[in-house]
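J.: Since the structure of chain A is provided, determine the placement of chain B on it from the hints.
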Amino acid sequence: MRTVVLRAGATALTLAATLLSSAYVTAHLKNPAAPLQPTVVKAARAGGPTLGPSVQPGGGRPVTSTYAS
Amino acid sequence: MPPDARVEAHHFQALGTSCSLFAVGLSRSQLLQGEFWVHRLGARLTRFSPDSELSRFNATPGSWIDVSPELEALLRESLRAFETSAGLVNVAVLPSMSAIGYTRPLAESLPATTVSDARPLSALPDVLRVRTGAARLEPGAGIDLGGIAKGWMADRLCESLGPNTLANLGGDLSAGGPGPAGSGWPVGFAGVTVLLRDQGAATSSVRRRRWGALHHLIDPRTGVPAKTGLEEVSVVATSGLEAEVVAKTALLVGPELAPVYCAAHALAWWLSP
Chain A
364 MRTVVLRAGA TALTLAATLL SSAYVTAHLK NPAAPLQPTV VKAARAGGPT
414 LGPSVQPGGG RPVTSTYAS
Chain B
2 MPPDARVEAH HFQALGTSCS LFAVGLSRSQ LLQGEFWVHR LGARLTRFSP
52 DSELSRFNAT PGSWIDVSPE LEALLRESLR AFETSAGLVN VAVLPSMSAI
102 GYTRPLAESL PATTVSDARP LSALPDVLRV RTGAARLEPG AGIDLGGIAK
152 GWMADRLCES LGPNTLANLG GDLSAGGPGP AGSGWPVGFA GVTVLLRDQG
202 AATSSVRRRR WGALHHLIDP RTGVPAKTGL EEVSVVATSG LEAEVVAKTA
252 LLVGPELAPV YCAAHALAWW LSP
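So the protein sequences, as listed, match chains A and B. When the count follows the numbering used here, it moves up by one through the first sequence with no breaks and lands on 432 for the last residue. When the count follows the numbering used here, it moves up by one through the second sequence with no breaks and lands on 274 for the last residue.
Excised from the complex, chain A in its bound form (with noise of 0.2 Å):
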């Protein structure tokens, strides 16, 4: 009697564990609110540049461009 008792808590608690599990990944499968990764300071428009955390736009005119050679 007392093994099948057990083992019938085992199942039990498996069970729950398992359906817990299961509701709490369902619920947070996505997080809308997480950052791009990596993280993107400015997503590229359409033609234009995609620039990483480290790279800051600049308001002034440039010295020098890159550029094809």
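No lab work stands behind these hints, which were simulated from the structure alone. Treat each hint with caution, since some may be false.
As the list claims (entries may be wrong) - Restraint ranges, calculated between C-beta atoms of paired labels, are given here:
no., chain 1, residue 1, chain 2, residue 2, range
1, A, 393, B, 192, 29 to 37 Å
2, B, 258, A, 374, 44 to 52 Å
3, B, 258, A, 380, 38 to 46 Å
4, B, 211, A, 393, 42 to 50 Å
5, B, 213, A, 416, 39 to 47 Å
6, A, 376, B, 273, 53 to 61 Å
7, B, 192, A, 388, 29 to 37 Å
8, A, 416, B, 6, 24 to 32 Å
9, B, 130, A, 393, 30 to 38 Å
Said to hold, decoys possible - In silico negatives: residues of chain A with every beta carbon more than 12 Å from chain B:
no., residue
10, 381
11, 387
12, 391
Quick reminder that beta carbons are idealized off the backbone N, C-alpha and C, glycines included.
T.: Chain B only, in chain A's frame:
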């Protein structure tokens, strides 16, 4: 905000292209020393002169050849670039350049518009070995340092000229220090201005150095000019050399993979189909 510090600028022609040096706190004569260094090293690293150190190295395959510290460093960086680009940046491209007829500067004469005897490039570690003060090239192989040399030289210029310097060698540039206003060097990048500090930028393109249906950028997987769906890629990375390697690799992997590749390897990027 403090006023911008005075920027000394110096422009010159070298390496078959336009070059510029900018510095805060340096004199014009110090920038001239930088120009002389570019000319001297460029003359040793060009493949277009039979008397250059690189040409003599290419002409003596099959044996260990003494090389200068600069050529040794560039060959080592080339092997590293081959590894980090999964073989897409391969300086053993000289046989393919010959196959497409690009054996002289384009300013002198345009090559033929046909390809003869092009084949996939050998893996660089299979044809190039480097040890301290010497290097060995296998028969049939040839080295063209191309953009790697420009990016590497821009980095060295920034290191040697001063702590607040920008070197632009034909679009491959390296920016060291805080720039004139303290927030980085303002650099034109894909139509916008970005502030670079201890970073580099480069552009790889098939739109320039083009004749007929051919161009200079060889795809090592085929040995012929690349056709990947991307025509131009600009990249900001941690150095001029790194930017050159990442930009060329991104162009060669094509438009589907390039955004993912750049997100992992570049600090900023622009892809043009």
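J.: Any of the earlier hints contradicted here, and which numbers?
T.: 7 and 9
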